[in-house]
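Asks: So you can see what is in the structure, the chains are spelled out below.
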Amino acid sequence: MKTDASKFMNPYAAGVLLGIVLFAAFALTHSGLGASGAISRIEASMVATVAQSHVDRVGYLAAMAGGDRHALDHSSVMMLLGTLLGGALSARLHRRQKLEVIAGPGVGKAKRLALAVLGGLIMGYGARLARGCTSGQALSGGAVLSLGSWAFMFSVFLGAYALAWFVRRLWN
Amino acid sequence: MLPLDLTANGKWLVYLVSALIGVGFGVVLELAGFGNAKKLASQFYFRDMTVLKTMFSGILTACLLIFLAASLGYLDFSKIFVNQTYLWPGIVGGLVMGVGFVVGGYCPGTSAVSAASFKIDGLLFLVGTIVGAGIFAETVSLYEPFWNSSYTERLLVSDWLGWSIGATVVGVTALALILFYAAERAEAFMAGAPVRWAPQNPRYVAAAGSALALALFIWSKGEMTPEDKWARLGDQYQELLERREEQVHPLEYVKTWNDASVKLVTLDLRAPEAFETFHLAGSKNVQYDALLEPGLRFQLNQLPVNGVVILISDDPEVAARAWKRLKMEGVTNLYVLEHGLSDWREVFLPVADLPHFDWARPPLSVLDAFPKDSYQTRIKLKTARRAAGLCS
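Those protein sequence lines, which keep their order, are chains R and A. The numbering of the first sequence is the numbering used here, which starts it at 1 and goes up by one. The numbering of the second sequence is the numbering used here, which starts it at 1 and goes up by one.
One chain only, chain R, in its complex shape (with noise of 0.2 Å):
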């Protein structure tokens, strides 16, 4: 095993301290949590500074940033700063806030980059077909019992462990 467990809290109490999170972020705002909104927000107000008239034009920018909208000006964005926040508090507390590139044995530097930005880049535009990643669907929409979501988490996990064998020289 590469990664120390020990140096990580224990999965389940983990898990029941994120429940907590997620309650909270019903009882207080109606919602859960997410991710993946603010992310397109982002998008969308970034092509909105370079050429208003194609947020106009396209629909699924417009409800986001067409007109006086404006894309960032919505509580999913300052949820992603505050997960942010969160997390660079956390890794600092416990020392792993450390610049590196974390790759499987074997893998070199570039490739394991290009290989971050290939996997981010499907997993964006999964997110969006989706309408939700693993924080707004699965997570919140799981919570809540919606069969959407579990039908998505499932899938998920499917596609994952599909496709794990083929690629399985990145991680082990």
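These are computed hints drawn from the structure, not numbers from a lab. Among the clues, some could well be false.
Said to hold, decoys possible - According to the in silico footprint, chain R covers these stretches of chain A (three or more CB under 8 Å from chain R):
| no. | segment |
| --- | --- |
| 1 | 37–43 |
| 2 | 286–300 |
What the hints assert, rightly or not - Facing chain R, from chain A, some residues (calculated, C-beta under 10 Å):
| no. | residue |
| --- | --- |
| 3 | I21 |
| 4 | I59 |
| 5 | I66 |
| 6 | I91 |
| 7 | V96 |
| 8 | S114 |
Owing to the predicted nature of the structure, the values given are computational and were not obtained by experimental measurement. Cβ atoms here follow ideal geometry from the backbone N, Cα and C, with glycine treated the same way.
Since the structure of chain R is provided, determine the placement of chain A on it from the hints.
Replies: Frame of chain R; chain A shown alone:
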């Protein structure tokens, strides 16, 4: 009563609370080790099942808390945002994301935490998701009908199974516990440990027992009846009822019925014989006792934001009770036809000989025959009925 409505205090408070929840989310993901792609990817080789364990215990914890609070009357589940079901786009998107996960090693939330821990691969993954979202925005128009297909506004696992919510919570708990057991065995097997079938950690057994007991308790409590809910929450509507703001004049009904931008559902609560004799076009005969049947409740919950529900009864008492009942079920744009159909004839008699007049569906043109101020407009579409999810 939860959920709190913070929007009344302006958006900045909501933003602050969202940011603080985000901080908690980021801290927990980091503590669990989700800022590290190798740890996340190990999930898919059965070596380190942290992703599954943490995700499912998070879902289970939140699920138990939500439905415990709801069954004890501290939380109104009808006000909680439930992700809409777009079944096939969700499944295909999920498969695509699974591929992205195992190629790149993160998902969007975890890549943010990884970037915050200064991992360059996490940062580049995050940049990749922004580009991917952009490609989607430019290409979704090519297959928009598919993207909007197999849609249901609020479809719960319990609706699909035909179980009560309580029974479904027990089912989810059992499923999670089975997955945890399987995850522990898989890790032990991959680490080359001798096969032992009995659970090894007594603390885990105790925790699993507690979760199951809690789920069974939620099941035994059942859901709150609308009457109980009204006793807890009715006060906020008392003033509205006293000012008769839920009462729609027949002329406004005609205007609404002819308005193509409104999806009108008319529920006629009168006896079947009276309904047979005369009823408004498009109305549906439902007895008061059948208002809570899952089928109807489900239908009313699927109404789009421009949906309006109007109740008809000749007995104002019944109409008021039905209004309260459905209000507590989370039906938003809900009104009562003033005096039921008892003065329908009287109101429209002066215009009955106009061409194309039909008692069951008076045309829009009859409105011209009445002075503009002959009724007070009551129907105000409340479009933001539940806070939208964060994925939008």
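Asks: Checked against the structure, which of the hints given earlier come out wrong?
Replies: 2
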